[in-house]
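Trainee: This is what each chain is made of:
Protein chains: 2
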Amino acid sequence: MSAHGARAAAALHPDIAPLSFLLGRWAGEGEGFYPTIEPFAYGEEITISHVGKPYLAYAQRTWSLEDGRPLHAETGYWRCPGAGRVELVVAHPNGIVEVAEGSLTGAVLALSSTAVARTSTAKVVDGVVRRVQVTGDRLAYELDMAAVGVALAGHLRATLHRVSAPSA
Amino acid sequence: MSAHGARAAAALHPDIAPLSFLLGRWAGEGEGFYPTIEPFAYGEEITISHVGKPYLAYAQRTWSLEDGRPLHAETGYWRCPGAGRVELVVAHPNGIVEVAEGSLTGAVLALSSTAVARTSTAKVVDGVVRRVQVTGDRLAYELDMAAVGVALAGHLRATLHRVSAPSA
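Protein chains in written order, with my numbering: chain A, 1326 to 1493; chain B, 1326 to 1493.
Hints in this document: simulated from the structure, not taken from any laboratory. Check the hints yourself; a few may be wrong.
Copies of the same chain look alike in the list, so a pair counts if it fits in one copy or across any two.
[As the list claims (entries may be wrong)] In silico DMTMM-like pairs for lysine to aspartate or glutamate, Cα to Cα no more than 25 Å straight-line: (1) K1378 <-> E1356; (2) K1448 <-> E1356; (3) K1448 <-> E1363; (4) K1448 <-> E1426.
Start from the sequences and build out the full structure, keeping to the hints where you can.
Mentor: Now the structure itself:
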């Protein structure tokens, strides 16, 4: 392997400077619930990084607080296409992709899905609403979902803390 | 942080055993071309891993062979919903999400997008066709794309080699 592509620390692209409060590795716990399931508690790790381009790379995984087994994961990118606007594209391992857009007000993000698509074997998800609020090194989010015939309803709520500083 | 969620080595989920030839970290070089752009050469790294669940986690990044600057990236999941069938969900940092389905024949994957969605500021991509062939520790792929008003045309071609073994 050559030295090409080595991950040097890059300057943050100015387009995503308004989202810099998201950078870092976050860990915490959350609660899951939905009309069709038993409530559950989960641990979560979120990593948000950049490479100097106009997006933040996003990856998340959760695990059961009962036995540590992996639960959900998701991965994608955050973009900031203009003042006060935010975009998110996400792939989910259950065969779902999500496009969401919304507002950025200070360190509060409020997004609604504008498109959800799926593989032919995935469950039907009709919409996702995400609210994220960062206060210093504390990140709290709520996620509502319309899926499997259920109208939009609360599904996830978690609080994480930044456990390592931003890095590229 | 508790010990919950520690990444122990998990057994491969039987559903994705037919895709186990993809596991590992891959590095190599490729060529990009399209009717609307100047051809370019790129370095690439692909990482494909699992956590014991019925999907492979996929992440990729490319860089310019001229100066090492980051070019594309993408991230998502591979699934194997039945004998000879494969599904892929991918998020792209330019605001695109892709759902693709196709066939798995030995170690040859042939997929066509069944859905492409985008944020309101992303360029228009109408379709993606991917062919991947693994021969031992060599992975070759070709990607065709229909985008920005151009009918399906060749866009990427690369060859990578496995540089580290599968890991969870």
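Trainee: Tell me, in ascending order, the numbers of any earlier hints that this structure violates.
Mentor: none
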